[in-house]
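2 protein chains.
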Amino acid sequence: MSARQYRVAGKRLSRIDGIGKVTGKHVYAADFALPGMLFGKILRSSEAHARIRRLDVAPALAMAGVRCVLTAGDVPQIRFGTAIKDRTLFADGVVRFRGEAIAAVAATSLEIAEAAVRAIEIEYEPLPAVFDPEAALLPGAPLVHAGWSDYQALPVLDREGNVSGRAALGDGDVEAGFAQSWRVYEHRFTTQHVHPGYTEPRAAVASWDGNGDVSVWCNTQLPFDMKNMLAEVLDLPASKVRVVVPGIGGGFGGKLRVGVEHHAAWLARRSRRPVKLITTSEEELTDAYPRQPTVVTLKTGVSRDGLLLARQGRVVLDCGAYANSGPATAAIALQVLAGPYRTPHLAFESLAVYTNKGSTGSFRAPAGPMANFAVESQIDLIAADLGIDPLELRLRNVYREGDKGPAGETLTSVSIEECLRKAADAIGWRERTPAAGRGQLRGKGIACSWWLTTGGSSGVYVKINPDGTVTVVSGAVELGTGAMTGAAQILAEELGVDLSDINATDIDTHVSPYDYGAQGSRTAFSVGNACIAAARDLRRQIGELLAPVWNVPAASIRLEGRGVASGDKRMSLAEAAALSQRSGGGLISHGTAIQPMPVFDPTRVKHHPLPAWTSHSFHAHAVDLAVDAVTGEVSIGRYVVAQDVGFAINPTYIEGQIEGGVAQGIGQTLSEEIVYQDGRVLNANLTDYKMPTMMDVPRIESILIEKPSVNGPYGAKGVGEPPCIEPPAAIANAIAAACGVRVQSLPITAEKIALRLAEKTA
Amino acid sequence: MSARQYRVAGKRLSRIDGIGKVTGKHVYAADFALPGMLFGKILRSSEAHARIRRLDVAPALAMAGVRCVLTAGDVPQIRFGTAIKDRTLFADGVVRFRGEAIAAVAATSLEIAEAAVRAIEIEYEPLPAVFDPEAALLPGAPLVHAGWSDYQALPVLDREGNVSGRAALGDGDVEAGFAQSWRVYEHRFTTQHVHPGYTEPRAAVASWDGNGDVSVWCNTQLPFDMKNMLAEVLDLPASKVRVVVPGIGGGFGGKLRVGVEHHAAWLARRSRRPVKLITTSEEELTDAYPRQPTVVTLKTGVSRDGLLLARQGRVVLDCGAYANSGPATAAIALQVLAGPYRTPHLAFESLAVYTNKGSTGSFRAPAGPMANFAVESQIDLIAADLGIDPLELRLRNVYREGDKGPAGETLTSVSIEECLRKAADAIGWRERTPAAGRGQLRGKGIACSWWLTTGGSSGVYVKINPDGTVTVVSGAVELGTGAMTGAAQILAEELGVDLSDINATDIDTHVSPYDYGAQGSRTAFSVGNACIAAARDLRRQIGELLAPVWNVPAASIRLEGRGVASGDKRMSLAEAAALSQRSGGGLISHGTAIQPMPVFDPTRVKHHPLPAWTSHSFHAHAVDLAVDAVTGEVSIGRYVVAQDVGFAINPTYIEGQIEGGVAQGIGQTLSEEIVYQDGRVLNANLTDYKMPTMMDVPRIESILIEKPSVNGPYGAKGVGEPPCIEPPAAIANAIAAACGVRVQSLPITAEKIALRLAEKTA
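Protein sequence lines, in the order shown, are assigned to chains A and B. Read the first sequence against our numbering and you will find it ends at 2160, with the numbers running on by one and no gaps. Read the second sequence against our numbering and you will find it ends at 2160, with the numbers running on by one and no gaps.
The hints are simulated quantities; they were obtained by calculation from the structure and are not laboratory data. Check the hints yourself; a few may be wrong.
[Stated by the list, open to error] From the structure, some residues in chain B lie toward chain A, with a derived Cβ separation under 7 Å:
1) Thr1421
2) Ala1431
3) Pro1433
4) Ala1636
5) Ser1637
6) Ser1855
7) Asn1901
8) His1908
9) Gly1983
10) Gly1984
11) Ile1986
12) Ile1992
On a predicted model such as this, the values are computed, not experimentally measured, just so you know. We put the CB at the ideal spot given by N, CA and C, even for glycine.
Whole structure, please, built from the sequences with the hints as guidance.
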């Protein structure tokens, strides 16, 4: 299955949504406007945990231009949430974090709405709060949700106290394993809150029609989930809610869940006018869906020659005041912890824990960087202790084709050894601490991991137009990854047309077929498969249309060169579509795809709320960097990613995914952190929240490995999430190699390194 | 096939688009707005035929708020048109009718745009003009299009001089037929310009995006034709043009062709801003697509007992300055002239003729009322002369099952006798001139006809949502007829759900599958068939989904009661859809339908440009009215329509179609006329153009006959157009019965009757 056999798939073609985006003409949700719309603004809590004693919106309502003010008393107290229905539209008498929505205003201008929010009078009665997830586990800790046992929740969840979900993954007998071990190591790692950093804030415009139906233009990654969630909080049948995504300026998992859509919809319903809501940077950094902070403890027993015999671990994940994706993310951490290493005895548990901080989410490869930072830092620590080269130690332990995975699944298309060897070769692994510039310390690090592509259904409608172009209507959102270009390349390949012949329409839940959403590295994978199914049906239709006209067997008819041919007979696809419109109803079709899901072995996996994943991928990162011997500043010289993508549908956009993911990983590793103090975010602005800029990101070298998957289109595997998993471990390992400083808490700031370097020289 | 066997089809259910429309919340194209849009206005010719000597737009361009002024010199001279590409965006140096577009302005307000249009300076050089279609046929008549031989046109057309299309229909030997006849009658009938009278003016908002694609929100009946036409005048591939119909406030054939969309699109392209254009009543009455005036001459030979032996006729149809639908309408007239009567010898010809008046269109049942007025007035004249009851004369001659039709087709599902008898019974035919009130003369009239349903492809996408609702995406426009409710009833019937479970989306040519358009009484008919095909595929998918789950044969699985069942196993449709989303890709499907077209016998039919019709229908109208013996004012007491609808998908909306059609027919018969004098419309406003109001329309009694068609869904036949065919003849016949005045020119105003009554008493 080499790219060379294809005309369109596998080629470095420009994206179908490119021109509109680079020229600034593309309408993103944040740009969207309706005539006569009002502007909304949210009043947010200034307390981390408190009872609302008094709330007086009269001063706001009295202001000219204010059309509507809503509080918890004005809307039904419907609880919603992903794993646990623990949240309400507005704080239900108690605020649980600083930044929680208390009221919403719609006014004729944003300035008036902001002034109205400031005019609302509010008094709080403080309640005891808990901010540290480990403290939240202690007996007697303040409960973030008192009396929450009657909240609806996924039945699979094991929850009590401040634990919103406890999951476990185990195999063998870990105590026996430790007993057999030559050495046993225990380490503790911590990670921080990181914002997804999408360039477009969350935005929504809601408008109601005369049938009592609501349309919401927004930038969600999961339009069908959003539709269902809005139906829930609006107390409507789902079919009366229409979600349209005109365009989305990045998501990275931060736009999976409701942002401002529910407030916009309620304000529009009550004001009887369209309402627009858009978040500020401050709101993004206090009430969005960042990556969860974690505390990971790992205990590992090894044989004398470095074989992993037993591993025990615990992940405590701080999911903030509302559970959202926390229980699922914590459970995914178990799988990341387990791989990509053979280990006969495993015992991992994870806890998603409520604290009085902002809610968290499913940032790209949820749990991936946190768990991998622990696993791969520890592998280097063990290697150093055993005196084995870290690459060699990995190669002795990694999964091989046909191995059993941690959940009992059989692993196929395993390429982790190839990834490690190619990344190591490319970085020049033999020389791990080469000469550095003056005042610098240079070192190389490596880390590897595996990841799972999310399953779920995708459907497409496809029509061939009488000008020979092809339109695909999908329920999947193009996040900016190029995934829909990838799916379109597959469709073009199947129909014998050019990529420029394919048009994809905006997603509109009323019209578009269902799609499980732009998450879990699944879009090109799953929509691509649906396109193959739709194309197959179109080939059948064209065969039935032309076989009697040409008097040839339908099976002899092929699609090629934007046309249809059989023997010496030939017709352009445009002519065939026009002929079908005149005589056959038009060339339209549908295609659906879903990946078969692996079955968890229930003796190994307990209380896992998210079994919807399918094929896996493998990858290794290697980095060559220098540390300033005084300031601790890290300069990355080279960064190499060897990733198994199964089949590179469009190498350029896959490389773009890798470069973007590594950049995010570098941010998480070296500089980014939402800094909380007593429940208050100290850096709720983009000056003090340190995302890397272009100047901070080195050239990233991608090595695409193509070991075909069983399920993906042309063997493709999901590629979007993995690139941000390994950077923390790879960079931490390189820093340790460079200067001997092992930092086990993210971010690895220059300050942390400098202090440790100063200790060493002191 | 009785309605009683169905749950949903055949029932008087409320329309799916009803609430939004009756509450005024539905967004019609004329309501549609985009933020920052400009307003357009057209400068129109004040001359009927003239060369433009000087055109100076500088004063308009200099006005504050004017963003763009376009004339013929600013855009490519692309000729467009339906049958003949004879028209340009702006007059090509010569204006051919008063009201023709010469320039267009886009400005920040409508007031500025209007002022700018007034500021444009223009000088004309008059050219000889021709206004009368018969005069236009004379040698030496001024040519409306000089040197038009190089215009592109349908190859089938026979055209020269001012004749844009000459068609013929013949059989047997008409001269021999006249020779055999006992009596031969010759009469001449004339009809007038009539506006379709849609309540919403033509409107469009055009907006270009960064990819050079244009979206046009408008109220066209034929979105896919509009897309192709706009692509032509914008010199773009069709796939770069998107036409959306948010809603349309009536069309009646008057919104088949481009109205303001092309001007809006060009103004938006050049001004780089969205532009809205909307017509005024004056523009509607000077440059729209009214029904063509005609001159019909009929010569008929009959046997002693009233059997029709030979008929010869000629239709001269005044299509105005641009051909548009004229050649097709003239050709359709031949078929209406021929039916619904057996006649061994036929010779009809029709001519569509250019004059220096506004263009004309395809108003509901194009050619129907004009041709039927002649045929059915003459039948009454013959009956009177022969002393045979007019009903009896008709019954002796009407088509019978299995007859050959005039084009050589075999007639099936023939119900004309039943229609005539039921209408006559209902009106109390035995007493044709009952007692009248004081000063009034009372009489009854009858008329019958046949009509053809237009064919063409329809496609739908259908999905079953996990809340059990069903969404249908169709390319067909809901004009307000209820046709899409009819199609939805069929879909609901097929899927075992309720009508309220069906949602239909707005039509958007980028997304929607192709549809031949809302014309020719075809929507419920053809979309209904496409829905049946889509439902069949969904039943297959559901069978494949549940057969292995339930371990039953797929064929045993039925859809009923919003659920799926086999034996004692049962699941709601919502659950099945949710199951498919989780495990099977989602329940989505497509369906297409096209009607087989009858083949014209080429020895009978010549130069007919519109062979795209399929099954036929039959109907008879009867009226009981009174004429004021002095003023000639006509008061309709009762009006009965017996129409064969094949199967009444929703009797309420079919009755609505009949009532509306008769109201339009009454307007054409008694009061409506766009009055031209030397090329100028004297009554270009809705005060002087006399459409009937509710007060002018009697209660209309509908008798729905259900003789199933071969092709239609559940046997349905097209129903939309026929009701406006017979009113002129039925009312003329009743007036003659009442007061002995036979008026052979429409409209039959009170003035015409009064003058004739005065003559009689003089």
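Taking the hints in turn, this is what the structure says about them:
Checking Thr1421 (chain B) against chain A: minimum C-beta separation of about 4 Å stays under 7 Å; hint holds. Checking Ala1431 (chain B) against chain A by beta carbon gives a least distance of about 4 Å; that is within 7 Å, so the hint holds. Given hint, Pro1433 (chain B) at the interface with chain A, holds; its Cβ is 4 Å from that chain's nearest Cβ, closer than 7 Å. For Ala1636 (chain B), the suggested interface contact is upheld, since its CB lies about 4 Å from the closest CB of chain A, less than 7 Å.
Residue-level restraint check for Ser1637 (chain B) holds (minimum Cβ-Cβ distance to chain A is 4 Å; threshold 7 Å). Because the smallest distance between the Cβ of Ser1855 (chain B) and any Cβ of chain A comes to about 5 Å, under 7 Å, the interface hint for this residue holds. The beta carbon of Asn1901 (chain B) is positioned within 7 Å of a beta carbon in chain A (closest approach about 6 Å), and the interface hint is therefore held. Here the hint on His1908 (chain B) is kept, as its CB sits about 5 Å from the closest CB of chain A, short of 7 Å.
Hint status for Gly1983 (chain B): holds, given a least beta-carbon distance of 3 Å to chain A, under 7 Å. Hint on Gly1984 (chain B) holds. Least Cβ distance to chain A is approximately 4 Å, under the 7 Å limit. Contact between Ile1986 (chain B) and chain A, as hinted, is supported at the beta carbon level, the nearest pair being about 4 Å apart and thus within 7 Å. Against a cut-off of 7 Å between C-beta atoms, the interface hint on Ile1992 (chain B) holds, since the closest Cβ of chain A lies about 5 Å away.
Violated hints are absent here; each numbered hint is respected by the structure.
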